Amino acid sequence: AQSVTQLGSHVSVSEGALVLLRCNYSSSVPPYLFWYVQYPNQGLQLLLKYTSAATLVKGINGFEAEFKKSETSFHLTKPSAHMSDAAEYFCAVSEREGTDKLIFGTGTRLQVFP
Amino acid sequence: KAGVTQTPRYLIKTRGQQVTLSCSPISGHRSVSWYQQTPGQGLQFLFEYFSETQRNKGNFPGRFSGRQFSNSRSEMNVSTLELGDSALYLCASSQTSGVHNEQFFGPGTRLTVL
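Residue numbers (the numbering used here), protein chains in the order written: chain A, 1 to 114; chain B, 115 to 228.
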């Protein structure tokens, strides 16, 4: 069964600093990988997704992620954190192409300090 | 275009009761999925429906059921509520299902079981 592991349940950065949120996947077949963000009292919003095209994926709000097969990783980065980036971030994997079913990681709460 | 709508937003029930949650997808979307979000278990997949057919089901007891109507609206029902059913229930919709279609999440229904 496919799964994703997010290292670090909490990450704190200063405004303007690099954001790095880690995600490793476990899959025996090429995975489809996603990053979602959840703001307080809201649903999930898609930041970006990897579907076997370019390994460097650019998303919304200045976020990007790189698919590294050799490391089974799909880490999320943003060069310069903004206060508005404070939220919970979820990495997810899809079992196969013809389904919406997602398997989520446990989430990483990002705090941004002024 | 209106987003995914979930009603009610908040619900308080007592153990043993049953509850029905409703999800209205984005107009034109035919696929609806449901997830349960709890602090302990994180985000877990419940069901996926496409054109009134259940395509996928998560590992939940039979007390959890769902359906989709011809207008793509979906409901989920939980019978004989337990304290552990307290959670945020999220609904997501997409146009046709599959990783190449973006899923849009609703704000969720927060269920509290007393």
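Where hints are given, some of them may not hold.
[Unchecked claim] Per the computed footprint, the stretches of chain B lying under chain A, defined by three or more beta-carbons under 8 Å from a beta-carbon of chain A, are: (1) 157-165; (2) 197-208.
[As the list claims (entries may be wrong)] Pairs of lysine to aspartate or glutamate, DMTMM-like flavour, derived with a Cα cap of 20 Å: (3) Lys171(B) to Glu88(A); (4) Lys171(B) to Glu189(B); (5) Lys58(A) to Glu216(B); (6) Lys58(A) to Asp85(A); (7) Lys68(A) to Glu95(A); (8) Lys69(A) to Glu88(A); (9) Lys171(B) to Asp85(A); (10) Lys68(A) to Asp85(A); (11) Lys127(B) to Glu196(B).
[Unchecked claim] Residues from chain B that face chain A, not an exhaustive set, calculated with beta carbons under 7 Å: (12) Gln132; (13) Asn170; (14) Asn173; (15) Pro175; (16) Glu189.
No lab work stands behind these hints: they were computed from the structure.
Note that this is a predicted model, so its numbers are computed, not measured.
Virtual Cβ for every residue (Gly too), placed ideally from N, Cα, C.
Against the structure, the hints:
{"no.": "1", "hint": "157-165", "verdict": "holds (count 4)"}
{"no.": "2", "hint": "197-208", "verdict": "holds (count 3)"}
{"no.": "3", "hint": "Lys171(B) to Glu88(A)", "verdict": "violated, 26 Å"}
{"no.": "4", "hint": "Lys171(B) to Glu189(B)", "verdict": "holds, 14 Å"}
{"no.": "5", "hint": "Lys58(A) to Glu216(B)", "verdict": "holds, 15 Å"}
{"no.": "6", "hint": "Lys58(A) to Asp85(A)", "verdict": "holds, 16 Å"}
{"no.": "7", "hint": "Lys68(A) to Glu95(A)", "verdict": "holds, 18 Å"}
{"no.": "8", "hint": "Lys69(A) to Glu88(A)", "verdict": "violated, 25 Å"}
{"no.": "9", "hint": "Lys171(B) to Asp85(A)", "verdict": "violated, 33 Å"}
{"no.": "10", "hint": "Lys68(A) to Asp85(A)", "verdict": "violated, 24 Å"}
{"no.": "11", "hint": "Lys127(B) to Glu196(B)", "verdict": "holds, 10 Å"}
{"no.": "12", "hint": "Gln132", "verdict": "violated, 24 Å"}
{"no.": "13", "hint": "Asn170", "verdict": "holds, 5 Å"}
{"no.": "14", "hint": "Asn173", "verdict": "violated, 10 Å"}
{"no.": "15", "hint": "Pro175", "verdict": "violated, 18 Å"}
{"no.": "16", "hint": "Glu189", "verdict": "violated, 17 Å"}
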